[in-house]
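Yeah, the sequence shown ends on 113 if you go by our numbering, and it's all consecutive.
If you are wondering where the hints come from, they were derived from the structure by calculation, not from laboratory data.
Heads up, some of the hints might be wrong.
Simulated DEER-style distance windows between Cβ atoms [claimed, not checked]:
1. G82 - E60: 38 to 46 angstroms
2. Q55 - P33: 18 to 26 angstroms
3. P33 - V70: 15 to 23 angstroms
4. K79 - K100: 18 to 26 angstroms
5. E60 - A83: 36 to 44 angstroms
6. E84 - G39: 17 to 25 angstroms
7. T86 - D59: 27 to 35 angstroms
Just so we're clear, the structure is a prediction, and the values are computed from it rather than from any experiment.
Glycine included, C-beta positions come from ideal geometry on N, C-alpha and C.
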Amino acid sequence: MPCAHARIAGAYACRRGGGRGSGALAMASDFQDNPQGLEVGQSVRVLAMEQRFYHIQQFKDEGLDATGFEGVIKEIKLTSKKTGAEITANRPVLVTFTEPYKFIAHFEFEELERA
């Protein structure tokens, strides 16, 4: 099963890049489906998904299922920081979690709901 991109304790498993804040969110309707109008700073809950996270030390072997976890949207990556051009990130929504484990992970819009 493929692993979703995540950043744990400063170790990156994905490339950095993308846009920040409402400017990037405003372009979401052009090529990304964001029917809930999710924004940076909102609390969200992870819906049932087929991805498992293997970047958390306690779950390196079996992976962690984040279904039901609640976190806060840190960034929505829809534009390049260098060029400002639109990018098509597979999982553009960067969410920070603090409970039950502290980690950051990327999601698609449809994998999240407002908490």
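Hint by hint, here is what the structure shows:
1. G82 - E60: 38 to 46 angstroms: holds (41 angstroms)
2. Q55 - P33: 18 to 26 angstroms: violated (35 angstroms)
3. P33 - V70: 15 to 23 angstroms: Given a distance of about 20 angstroms, which is inside 15 to 23 angstroms, the answer is holds.
4. K79 - K100: 18 to 26 angstroms: holds (25 angstroms)
5. E60 - A83: 36 to 44 angstroms: holds (39 angstroms)
6. E84 - G39: 17 to 25 angstroms: Because 22 angstroms falls inside the window, the suggested range holds.
7. T86 - D59: 27 to 35 angstroms: Holds - the Cβ-Cβ distance for T86 and D59, about 32 angstroms, lies within 27 to 35 angstroms.
Hint check: a violation occurs at hint 2 only; the rest are consistent with the structure.
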